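> Sequence:
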Amino acid sequence: MSVKFTYYGGMCVLIERSDGYKILCDPYFTKNVQTEAVPEDFRDVNLVLVTHHASDHYGNVEEVMACSKAQVMMCSDNIHLIKEHMDLPKERLVSTVYGDCRQFGQTVVRTMLAFHTSKHTNGGILTYGPPVGYIIEVEPGVTYYHTGDTALSENFRTIRELYHPNIMCAGISGIRPGASREMTEREAALGVSWCGVDVVIPTHYVTGTDSLNVFKQHLASFAPYVKVMEGIERPFCLEPLQVYSV
Numbered sequence: 142m143s144v145k146f147t148y149y150g151g152m153c154v155l156i157e158r159s160d161g162y163k164i165l166c167d168p169y170f171t172k173n174v175q176t177e178a179v180p181e182d183f184r185d186v187n188l189v190l191v192t193h194h195a196s197d198h199y200g201n202v203e204e205v206m207a208c209s210k211a212q213v214m215m216c217s218d219n220i221h222l223i224k225e226h227m228d229l230p231k232e233r234l235v236s237t238v239y240g241d242c243r244q245f246g247q248t249v250v251r252t253m254l255a256f257h258t259s260k261h262t263n264g265g266i267l268t269y270g271p272p273v274g275y276i277i278e279v280e281p282g283v284t285y286y287h288t289g290d291t292a293l294s295e296n297f298r299t300i301r302e303l304y305h306p307n308i309m310c311a312g313i314s315g316i317r318p319g320a321s322r323e324m325t326e327r328e329a330a331l332g333v334s335w336c337g338v339d340v341v342i343p344t345h346y347v348t349g350t351d352s353l354n355v356f357k358q359h360l361a362s363f364a365p366y367v368k369v370m371e372g373i374e375r376p377f378c379l380e381p382l383q384v385y386s387v
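Each residue of the sequence shown is one higher than the last, beginning at 142 in the numbering used here.
Keep in mind that the hints were calculated from the coordinates and are not lab data.
Values in this document were obtained by computation on a predicted structure and should not be read as measured data.
For every residue, glycine included, the Cβ atom is placed at its ideal position computed from N, Cα and C.
Misleading hints may appear alongside valid ones.
As the list claims (entries may be wrong) - Below, a list of computed lysine to aspartate or glutamate pairs in the EDC-like style, where the Cα atoms sit at most 16 Å apart:
#, residue 1, residue 2
1, K210, E181
2, K163, E278
3, K163, D182
4, K357, E203
5, K163, E177
6, K357, D339
7, K260, D218
8, K163, E280
9, K357, E380
10, K368, D339
11, K260, D197
12, K145, E278
13, K357, E371
14, K163, E181
15, K210, D185
16, K145, E371
17, K210, D228
18, K210, D182
19, K210, E232
20, K224, D197
21, K163, D185
22, K357, E374
23, K172, D218
24, K145, E328
25, K172, E204
26, K172, D197
27, K231, D197
28, K368, E380
29, K145, E374
Said to hold, decoys possible - Pairwise CB distance ranges (calculated):
#, residue 1, residue 2, range
30, E232, K368, 37 to 45 Å
31, G265, L382, 52 to 60 Å
32, L229, G265, 22 to 30 Å
33, P230, F363, 40 to 48 Å
Turn these sequences into a full structure, and let the hints guide you.
This is the structure in structure tokens:
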């Protein structure tokens, strides 16, 4: 059995379990210049995970929820916001916070700390909430760490010790030219080495810049055994102990 991963730019990743169950992380499409995918392409998604409120993470969650029957898991500030915009049954809304653990069939999702910010304006009032990441035990033998936006911290070492992810994404630069970044390419590579994964998906960078090459150079020093699965909309499959393009 294998799990399929597809990266769509930003930090948007689609995970497809071997039984067809689909998990969409940080849905970001309409303002995403790195993909031509649209929310309507994800009518069959089963679960949406949002790490925090930002245009490239909360992104198109409302459009995906409108055209699908998916559940969405995110923190209470974003749950409150989507409830103001949409009339969704409560069983489709899963509120979470640090330390939470939820089960979706054979998949277990754990909510992790992220060093960042989550904010939006509601009725002229600036509202803050907790930014998070997720450890997703997709199925036996495949555990994915969706970091969300986060600075480098010792938490990466703790995640390795507790959850042993074998694949993760890593934000390696800014989402657009001139934007703030959570980690430099060197810090991202060091964080990947601390997590002890076998595979990394580089995310949160501007295509056509040097960021990806700089990240790979640092990773070759810190963790040369880690396989880098780069590229937009280039799906690959991960099985315990092996990964291959499709």
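> Would you list, in rising numerical order, the hints stated earlier that this structure does not obey?
4, 5, 9, 20, 22, 23, 24 and 27
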